[in-house]
Amino acid sequence: MESGRQRFARGFAAMVPLWVGVVPFGLAYAVTARGAGLSVVETQALSVLVFAGSAQVSAVGLFGRGAAGLEIVLTTFLLNVRHVLYGLSLGRTVPLDRRRRPVAAYFLTDEAFGVVAAGRESSFGFLLGAELSLFVTWNLATLAGALLGGAIPDPERIGVDVVFPLAFLALLVPLLRTRPELAVAVTAGISAWLTARWLPGGIPVLAAGVGGSLLGAWLTRHSPPDTELHLDDAAREVA
Amino acid sequence: MTFWLTVAGMVAVTFGSRFAGLSLSAPLPPFWLRFLHFVPIAVFAALVTPSLAGERGEGEIRIAAAALAALAAWRWKNLGLAIGVGLAAFWLLRIPFS
Numbered sequence: 001m002e003s004g005r006q007r008f009a010r011g012f013a014a015m016v017p018l019w020v021g022v023v024p025f026g027l028a029y030a031v032t033a034r035g036a037g038l039s040v041v042e043t044q045a046l047s048v049l050v051f052a053g054s055a056q057v058s059a060v061g062l063f064g065r066g067a068a069g070l071e072i073v074l075t076t077f078l079l080n081v082r083h084v085l086y087g088l089s090l091g092r093t094v095p096l097d098r099r100r101r102p103v104a105a106y107f108l109t110d111e112a113f114g115v116v117a118a119g120r121e122s123s124f125g126f127l128l129g130a131e132l133s134l135f136v137t138w139n140l141a142t143l144a145g146a147l148l149g150g151a152i153p154d155p156e157r158i159g160v161d162v163v164f165p166l167a168f169l170a171l172l173v174p175l176l177r178t179r180p181e182l183a184v185a186v187t188a189g190i191s192a193w194l195t196a197r198w199l200p201g202g203i204p205v206l207a208a209g210v211g212g213s214l215l216g217a218w219l220t221r222h223s224p225p226d227t228e229l230h231l232d233d234a235a236r237e238v239a
Numbered sequence: 001m002t003f004w005l006t007v008a009g010m011v012a013v014t015f016g017s018r019f020a021g022l023s024l025s026a027p028l029p030p031f032w033l034r035f036l037h038f039v040p041i042a043v044f045a046a047l048v049t050p051s052l053a054g055e056r057g058e059g060e061i062r063i064a065a066a067a068l069a070a071l072a073a074w075r076w077k078n079l080g081l082a083i084g085v086g087l088a089a090f091w092l093l094r095i096p097f098s
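In order, the protein sequence lines correspond to chains A and B. Read in order, the letters of the first sequence are residues 1 to 239 in my numbering. Read in order, the letters of the second sequence are residues 1 to 98 in my numbering.
Hint data in this document are derived by calculation from the structure and do not stem from the laboratory. Computed from a predicted structure; not experimentally measured. Even glycine gets a Cβ: it sits at the ideal position worked out from N, Cα and C.
Coverage of chain B stretches by chain A, computed from C-beta distances (three or more under 8 Å per stretch; other residues unrestricted):
id, segment
1, 30-41
2, 58-69
Computed Cβ-Cβ distance ranges for the label pairs, DEER-style:
id, chain 1, residue 1, chain 2, residue 2, range
3, A, VAL41, B, ALA26, 37 to 47 Å
4, A, ALA67, B, ARG56, 18 to 28 Å
5, B, SER25, A, GLN6, 18 to 28 Å
6, B, PRO29, A, GLY149, 47 to 57 Å
7, B, ALA88, A, ARG100, 36 to 46 Å
8, A, ASP97, B, LEU33, 13 to 23 Å
9, B, PRO27, A, VAL186, 29 to 39 Å
10, B, TRP74, A, ARG221, 21 to 31 Å
11, A, SER39, B, PRO29, 45 to 55 Å
12, A, ARG98, B, TRP91, 40 to 50 Å
13, B, GLU60, A, HIS222, 38 to 48 Å
14, B, GLY57, A, PRO102, 35 to 45 Å
Derived contacts from chain B toward chain A, CB cut-off under 7 Å, selection only:
id, residue
15, LEU5
16, MET10
17, SER17
18, GLY21
19, VAL48
20, ALA73
21, ALA82
22, ILE83
23, GLY86
With the hints as constraints, model all of the structure from the sequences given.
As structure tokens, then:
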């Protein structure tokens, strides 16, 4: 019988390849925050309490410009509302009781959703391991950046920001086995790319996520849903 | 003080979004079960395309590196390996252009 600790460790380890992108991003966030006039404590507090990279970077930019609190909260909402979709998807596959649900929700990120939804494991231990792997790394990088300040290279200059699209592409490719799946990925990818020029960060993901999934559900309307889902899961176990 | 009030608001909307989806546990009709099957696929694709090209005029080499990473992901189904292939390709391709 496998212990929760082993599942946690596997989830934690599953995120290690992403650290190479998370660390420079966390450093850059902290340097930006300090530059915008936040104290070390305030910089760290956002990483501990909000724990949402792109929303934190946008918020400190707005703080720096002296924006109203309401504007910052609304921007945060627009950037993070996509998590509703992640919760809906994870809630189906990961068994969560009343006590575990808020914990799983607090530490949820794109990346943790990614490794769980892409498949090998759907236990609470694995999910929490993946979530905390990112939380710890993000907060240590924030602390280092807040203390070291300007001595840190720009992550875009060394190019490590490319890790995030690479990671989601690597998670996506093995999921594409049928024609509807491919059609959904292409449609969602193109529409997010087109709308990202006009809309703030999280909205294209939410819109393409909902739109693409509706398309997929419609395209597969004649296939028996239940058996198909189970076959998928079985195929994933083997892979 | 305004700072901490704003942070409280940010926590509320962020945690609220993360918690809302997880809390919906009512049984769903088949259409929405199929919908949820496609969520990771649509979301991953939407997370890739807007940030793939980057903002430093390195779009071509980033897309070439991503194509190699996709090939590695398809062949080996291993996240770390695919990222490693993509990053190595990106940094190697960067040399002649920098």
